[in-house]
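Going down the list, the sequences are from chains F and G.
Numbered according to my numbering, the first sequence spans residues 1 to 128.
Numbered according to my numbering, the second sequence spans residues 129 to 252.
These aren't lab readings, by the way, just hints derived from the structure by calculation.
Where is the CB? At the ideal position from N, CA and C, for every residue including glycine.
Misleading hints may appear alongside valid ones.
[Stated by the list, open to error] Reference listing, derived: stretches of chain F covered by chain G, where coverage requires no fewer than 3 residues with Cβ under 8 Å from a Cβ of chain G: (1) 31 to 38; (2) 74 to 82; (3) 91 to 105.
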Amino acid sequence: MTLRSPLSRVLGSGSAKEGTDHWWMQRVTAVALLILGPWFLFSFAGLDNYSQADIAAWVAAPANAVMLLLASITLAWHSMLGIQIIIEDYIHGPGLKVVSLILNKFAHVFLSVAAVLAILKMALGGSL
Amino acid sequence: MIKEGRPLSPHLTIYRWPITMMLSILHRISGVALAVGFVVFVVWLEAIAFDALSYASFSAVMQSSVGQLALFGWLFCFFFHLANGIRHLIWDSGRLFEKRQADLSAWFVLITAVVLSGGYWVMV
Numbered sequence: 001m002t003l004r005s006p007l008s009r010v011l012g013s014g015s016a017k018e019g020t021d022h023w024w025m026q027r028v029t030a031v032a033l034l035i036l037g038p039w040f041l042f043s044f045a046g047l048d049n050y051s052q053a054d055i056a057a058w059v060a061a062p063a064n065a066v067m068l069l070l071a072s073i074t075l076a077w078h079s080m081l082g083i084q085i086i087i088e089d090y091i092h093g094p095g096l097k098v099v100s101l102i103l104n105k106f107a108h109v110f111l112s113v114a115a116v117l118a119i120l121k122m123a124l125g126g127s128l
Numbered sequence: 129m130i131k132e133g134r135p136l137s138p139h140l141t142i143y144r145w146p147i148t149m150m151l152s153i154l155h156r157i158s159g160v161a162l163a164v165g166f167v168v169f170v171v172w173l174e175a176i177a178f179d180a181l182s183y184a185s186f187s188a189v190m191q192s193s194v195g196q197l198a199l200f201g202w203l204f205c206f207f208f209h210l211a212n213g214i215r216h217l218i219w220d221s222g223r224l225f226e227k228r229q230a231d232l233s234a235w236f237v238l239i240t241a242v243v244l245s246g247g248y249w250v251m252v
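Isolated chain F (complex conformation) (with noise of 0.2 Å):
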């Protein structure tokens, strides 16, 4: 006999309600990093001059722009289900861990939003 309703069943998520997520999550970020990445190192390996202004320059084409939102926040993910993996091992005590665990979902949320506005000021130019 089995306690678990139909519905539970056919959802198959479990007790946790997310299932697979955070593991198949960690894949696909994983997957577009493996573009994102080396794009990042090649594209900015190109650069004749590496001044404020150069650089601020590369980040603001449109293509350029686009890659590296899509790398921060890809990269920000990544790292916060990385992080969470990790805490999870490691630390045990109940109430720090709940402490860490949020302070890891704080921290690469603020750090991602935080890249996004950097690059959207340089894409946008001075109206922000």
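Starting from the known structure of chain F, fit chain G onto it as the hints suggest.
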């Protein structure tokens, strides 16, 4: 009711570290290092966009020997995490689980990471 002297399962410290074990923990360590690198990356973006912290002082720090060492460390961690990440994705597909395959792919990942990060450092 704990009896003294009962056998324990072997702890981490008594194993001779095989390459697969080393790469496993290195994957985590490089991941954490890259997370720290992401913070510096965001500071770099803010410095360029807003001059909150001047770009000049940021690049001065990065051009110091400590900054250069950190940059190379992040570059190595990036290529290592990338190459070993591909190894993990292959494992996810159920392949390369044999001991010999795991050992060989570990060496392949390590050499790839050294060559790519060294090559990039020299070229750029």
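*Broken hints, numbered, in rising order?*
3
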